[in-house]
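Participant: If you want the building blocks of each chain, they are given just below.
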Amino acid sequence: MDKVTTAIDAVKRVKQGSTVMIGGFLSVGAPQQLLAALAKQMINELTIICCAADYPQDGVGRLISAGLVKRAILSHSGTNPEIEERAAAGEIEVEFIPQGTLTERIRAAGMGLGGVLISTGLGTAIEEGKRTIEVDGNSFLLEKPLKADVALIKAARSDHTGNLVYHGAARNFNPLMATAADLVIAEVEELVPVGEIDPDQVVTPAIFVDLVVQAKRRR
Amino acid sequence: MDKVTTAIDAVKRVKQGSTVMIGGFLSVGAPQQLLAALAKQMINELTIICCAADYPQDGVGRLISAGLVKRAILSHSGTNPEIEERAAAGEIEVEFIPQGTLTERIRAAGMGLGGVLISTGLGTAIEEGKRTIEVDGNSFLLEKPLKADVALIKAARSDHTGNLVYHGAARNFNPLMATAADLVIAEVEELVPVGEIDPDQVVTPAIFVDLVVQAKRRR
Amino acid sequence: MDKRARREYIARRVAQELSNGDVVNLGIGIPTLVANFIPAEITVIFHSENGFVGIGPPPREGEEDPDIINAGGQFVTILPGGAFFDSTLSFGIIRGGHLDIAVLGVLEVDAQGNLANWTVPGRSGPGMGGAMDLVTGAKRVIVATEHTTKSGRPKIVERCALPLTGERVVDLIVSDLGVLEVTPNGLLLKELRPGVTIDELQAKTAARFSIQPCLAAELGPAIG
Amino acid sequence: MDKRARREYIARRVAQELSNGDVVNLGIGIPTLVANFIPAEITVIFHSENGFVGIGPPPREGEEDPDIINAGGQFVTILPGGAFFDSTLSFGIIRGGHLDIAVLGVLEVDAQGNLANWTVPGRSGPGMGGAMDLVTGAKRVIVATEHTTKSGRPKIVERCALPLTGERVVDLIVSDLGVLEVTPNGLLLKELRPGVTIDELQAKTAARFSIQPCLAAELGPAIG
Numbered sequence: 001m002d003k004v005t006t007a008i009d010a011v012k013r014v015k016q017g018s019t020v021m022i023g024g025f026l027s028v029g030a031p032q033q034l035l036a037a038l039a040k041q042m043i044n045e046l047t048i049i050c051c052a053a054d055y056p057q058d059g060v061g062r063l064i065s066a067g068l069v070k071r072a073i074l075s076h077s078g079t080n081p082e083i084e085e086r087a088a089a090g091e092i093e094v095e096f097i098p099q100g101t102l103t104e105r106i107r108a109a110g111m112g113l114g115g116v117l118i119s120t121g122l123g124t125a126i127e128e129g130k131r132t133i134e135v136d137g138n139s140f141l142l143e144k145p146l147k148a149d150v151a152l153i154k155a156a157r158s159d160h161t162g163n164l165v166y167h168g169a170a171r172n173f174n175p176l177m178a179t180a181a182d183l184v185i186a187e188v189e190e191l192v193p194v195g196e197i198d199p200d201q202v203v204t205p206a207i208f209v210d211l212v213v214q215a216k217r218r219r
Numbered sequence: 001m002d003k004v005t006t007a008i009d010a011v012k013r014v015k016q017g018s019t020v021m022i023g024g025f026l027s028v029g030a031p032q033q034l035l036a037a038l039a040k041q042m043i044n045e046l047t048i049i050c051c052a053a054d055y056p057q058d059g060v061g062r063l064i065s066a067g068l069v070k071r072a073i074l075s076h077s078g079t080n081p082e083i084e085e086r087a088a089a090g091e092i093e094v095e096f097i098p099q100g101t102l103t104e105r106i107r108a109a110g111m112g113l114g115g116v117l118i119s120t121g122l123g124t125a126i127e128e129g130k131r132t133i134e135v136d137g138n139s140f141l142l143e144k145p146l147k148a149d150v151a152l153i154k155a156a157r158s159d160h161t162g163n164l165v166y167h168g169a170a171r172n173f174n175p176l177m178a179t180a181a182d183l184v185i186a187e188v189e190e191l192v193p194v195g196e197i198d199p200d201q202v203v204t205p206a207i208f209v210d211l212v213v214q215a216k217r218r219r
Numbered sequence: 001m002d003k004r005a006r007r008e009y010i011a012r013r014v015a016q017e018l019s020n021g022d023v024v025n026l027g028i029g030i031p032t033l034v035a036n037f038i039p040a041e042i043t044v045i046f047h048s049e050n051g052f053v054g055i056g057p058p059p060r061e062g063e064e065d066p067d068i069i070n071a072g073g074q075f076v077t078i079l080p081g082g083a084f085f086d087s088t089l090s091f092g093i094i095r096g097g098h099l100d101i102a103v104l105g106v107l108e109v110d111a112q113g114n115l116a117n118w119t120v121p122g123r124s125g126p127g128m129g130g131a132m133d134l135v136t137g138a139k140r141v142i143v144a145t146e147h148t149t150k151s152g153r154p155k156i157v158e159r160c161a162l163p164l165t166g167e168r169v170v171d172l173i174v175s176d177l178g179v180l181e182v183t184p185n186g187l188l189l190k191e192l193r194p195g196v197t198i199d200e201l202q203a204k205t206a207a208r209f210s211i212q213p214c215l216a217a218e219l220g221p222a223i224g
Numbered sequence: 001m002d003k004r005a006r007r008e009y010i011a012r013r014v015a016q017e018l019s020n021g022d023v024v025n026l027g028i029g030i031p032t033l034v035a036n037f038i039p040a041e042i043t044v045i046f047h048s049e050n051g052f053v054g055i056g057p058p059p060r061e062g063e064e065d066p067d068i069i070n071a072g073g074q075f076v077t078i079l080p081g082g083a084f085f086d087s088t089l090s091f092g093i094i095r096g097g098h099l100d101i102a103v104l105g106v107l108e109v110d111a112q113g114n115l116a117n118w119t120v121p122g123r124s125g126p127g128m129g130g131a132m133d134l135v136t137g138a139k140r141v142i143v144a145t146e147h148t149t150k151s152g153r154p155k156i157v158e159r160c161a162l163p164l165t166g167e168r169v170v171d172l173i174v175s176d177l178g179v180l181e182v183t184p185n186g187l188l189l190k191e192l193r194p195g196v197t198i199d200e201l202q203a204k205t206a207a208r209f210s211i212q213p214c215l216a217a218e219l220g221p222a223i224g
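As you go down the protein sequences, you meet chains A, B, C and D in turn.
Per our numbering, residue 1 is the first one in the first sequence, and the count goes up by one each step.
Per our numbering, residue 1 is the first one in the second sequence, and the count goes up by one each step.
Per our numbering, residue 1 is the first one in the third sequence, and the count goes up by one each step.
Per our numbering, residue 1 is the first one in the fourth sequence, and the count goes up by one each step.
Here chain A stands alone, though its shape is the one from the complex (with noise of 0.2 Å):
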């Protein structure tokens, strides 16, 4: 199955409203074309999940920028002060989730498991709202699965089937959100076909991913 589109194309399956995860960290490994793509189709009133916000007008900061994005759940926004400045004027709900916990809270969605207890964030502000659970004498917050509708992610290599291979710290957050959305769109620098990729270097299985999209390599 040929899962290659274009980036306006891929796109426009994101409705008004939805939840969408964007990978990367401070923009490294985040998918650029489309969240271009998305930025100029102004579908608005997005909840993103993402790592950080980035910067103005780079990575997820292209839907902040936009007035896109109606909620944002993160961990660290310190880098986009359009985003603070946004979160003042009460235009984005911003909630912030330490981002070991951020990571398994995605895993979780994907990999089907109820949630995971985690001792991150006791005896701080992070607890409010949780349940506390007790193993063996030990304390751990009972921390959700984390869904998405649409996850828009980035790879450095993909077969025309979606199965894809990663480059340095853009890995990041894309192979678990991967795992934990409806729609999977995967933007990626290098297409080939079938077969050329070794079974043993695929890092995330074409059949997590719905569409594929060439970038333009940026070196």
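These aren't lab readings, by the way, just hints derived from the structure by calculation.
Fair warning: there could be bad hints in the mix.
[To be verified] From the structure, some residues in chain D lie toward chain A, with a derived Cβ separation under 7 Å:
hint : residue
1    : ILE69
2    : GLY127
3    : PRO163
[Stated by the list, open to error] For lysine to aspartate or glutamate, the following DMTMM-like pairs were computed, each having C-alpha atoms within a straight-line distance of at most 25 Å:
hint : chain 1 : residue 1 : chain 2 : residue 2
4    : B       : LYS216    : C       : GLU61
5    : B       : LYS144    : D       : GLU167
6    : A       : LYS144    : C       : GLU17
7    : B       : LYS144    : D       : ASP100
8    : C       : LYS204    : C       : GLU167
9    : B       : LYS147    : A       : GLU134
10   : B       : LYS147    : B       : GLU128
11   : D       : LYS3      : D       : ASP22
12   : A       : LYS147    : A       : GLU95
13   : C       : LYS139    : B       : ASP136
14   : A       : LYS3      : C       : ASP100
[Unchecked claim] One-sided and incomplete, this derived list gives chain A residues near chain D with beta-carbon spacing under 8 Å:
hint : residue
15   : LYS15
16   : VAL94
17   : PRO98
The beta carbon of each residue, even a glycine, is placed where N, CA and C say it ideally should be.
Following the hints, complete the assembly by docking chains B, C and D onto the known chain A.
Facilitator: The following block gives chains B, C and D in isolation, referenced to the frame of chain A:
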């Protein structure tokens, strides 16, 4: 740091009564040379954690046939009549865990989770003695982390510091067990200088591996 | 119909339940035969719970890769476009809703969709392996089984007596006599194998079932 | 001592806490400088929470790989023997006890080892990033900080007033004035920077502390 040693020297670190995780699925991906060395050392009263009982005199079956196992925590024993005979005779205590629950319990130990919520086994004998946790109206079993003193694993390729790459279905439990034991000993088919394995292709980073033993490649 | 023909009938009928792009896990026994009957117009991806997708045909003799076996321990191949992974991801695929269909054999299956296939009382083994994960996690669970045991005892029962593998997990039962769906109102007979009478099926089934209206109509006014 | 010398003093002193083979995560600011002072006789592996171990020196200009940045967003390199991974494994390394030491800066640290470094009340951001995971998960947490804020306010306090990053997580505090250990009985002064008097340190510290006996002996009978 060069971590390469011999099988005999490596398994001397396993003590009588230790809990030992052993990689492999029906002996594919099992550290055969380490198991042979361990059987030769006659270190007994072991608790083993593994996917299946493999075959008599093959894979973890080597330890079972040698009478070194006091307790086995695994998902399947149907290929090894010896473990069933020894269990019937009261020589080995056997605990069965659904295979997917076993993977997550090992991973939970490796990744520092206090537990995971899993629906597998609800309404079956697996429920016995376990806490049921409701999350948003659904029930799950609270599954605790499963740790070991030693993990004996197998990889296709390693550098001298223990960066591991796997081949085919021999990967199975090996990468997760590498994260969940105090001492991790990896048997590897091919040993290469540091720097020869592309950092994008490493599956088990060397920081998880304590000792590396070179095995003969079977093919 | 001999045993082989019965088994092939079941496998062929299960294959008709598959759709293009489905990710499918086949259990040992009759389910494995399903791979031989995939309609030519669709592509199905087979999942092997020991760690890959894209199971291909058995290797030619002498070309076996010792590291490529299926979950039954037999040498297989991997197709172009397949991928290997570790056991956490493999069971995450099952548990996380990424496996469209699991096809399994049973010792017993009942009117509520409960299924028993992993152990009998009084034995220590052999353990459930990945069966509990498969029946709980797969989006759709199809039982592929001969209608009765070798000794003629019904496998489809009102309530499983053996230790359960999964509770209310079965969606469809395909046997050598017909096809039954598990609905919230109990079993629904959807098809009879051509040549099988409703009386034969009824005699060999230890559970109540209703008959799908269009099938009842076909069978005549006396039935249903 | 100027600011740069103070920062280098702290980094050099933290570096002495590292052992051969340690896996270490360095926070932004003074902690990053620690990498410059690793004793020649040991090898330390630096972990970058955005997904790799084996952080190397910054690349030469024009040789930057756009996909290889540290957690602060700066271009770096990866050393031979390093490995990339996804964010679940990266935080699994931190949470699972595979990270020997985390070195972080603080806004406040207190006598119970509580630490605040992620936010101040009245601001929406910037979020904790990976800081909560690092302080909770690392086997040993070392705070590397100037002893007071720019305006001279003590950073070491009896009880943190700012929102906590972690509760009872700090093991050692290395400042430009000295080294304090967090013990079950509160803070213990282990070292004074040469030239710093106990009076100066006491004046700039807003928490009670005891003095390690051998240091007290050095300082003379009037103290401790």
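Participant: Now look at each hint and say whether the structure bears it out.
Facilitator: So, going through the hints one by one against the coordinates:
With 7 Å as the threshold, the beta carbon of ILE69/D comes within range of chain A, its nearest partner Cβ sitting at about 5 Å, so the hint holds. Checking GLY127/D against chain A by beta carbon gives a least distance of about 4 Å; that is within 7 Å, so the hint holds. A least Cβ separation of about 5 Å between PRO163/D and chain A falls short of the 7 Å threshold, and the interface hint therefore holds. For a cut-off of 25 Å, the pair hint linking LYS216/B to GLU61/C stands: about 23 Å separates their Cα positions.
Of the supplied pair hints, the one linking LYS144/B and GLU167/D holds, its CA atoms being roughly 24 Å apart against a limit of 25 Å. Of the pairs offered as hints, the one joining LYS144/A and GLU17/C is violated, with about 34 Å between alpha carbons and a cut-off of 25 Å exceeded. Restraint check: the Cα-Cα separation between LYS144/B and ASP100/D comes to about 24 Å, which is no more than 25 Å; the hinted pair holds. In summary, the hint linking LYS204/C to GLU167/C is supported, as the alpha carbons are separated by about 23 Å, within the 25 Å threshold.
Between LYS147/B and GLU134/A, the direct Cα distance comes to roughly 18 Å. Compliance with the 25 Å bound is thereby established for this hinted pair. A distance of roughly 21 Å separates the Cα atoms of LYS147/B and GLU128/B; the hinted pair therefore holds under the 25 Å criterion. Only pairs whose Cα atoms come within 25 Å are accepted, and LYS3/D paired with ASP22/D is rejected, the gap being roughly 29 Å. For the hint pairing LYS147/A with GLU95/A, the CA-to-CA distance comes to about 15 Å; that is within 25 Å, so the pair holds.
Straight-line distance between C-alpha atoms of LYS139/C and ASP136/B comes to about 20 Å, which keeps the hinted pair within the 25 Å bound. Under the criterion of a C-alpha separation no larger than 25 Å, the hint pairing LYS3/A with ASP100/C is consistent with the structure, at around 19 Å. The interface hint given for LYS15/A is violated, since its Cβ lies 27 Å from the closest Cβ of chain D, which is over the 8 Å cut-off. A least Cβ separation of about 6 Å between VAL94/A and chain D falls short of the 8 Å threshold, and the interface hint therefore holds.
Taken as an interface hint, PRO98/A checks out: its beta carbon lies about 4 Å from the nearest beta carbon of chain D, inside 8 Å.
Violation of the numbered hints given earlier is confined to hints 6, 11, 15; the remaining hints are satisfied by the structure.
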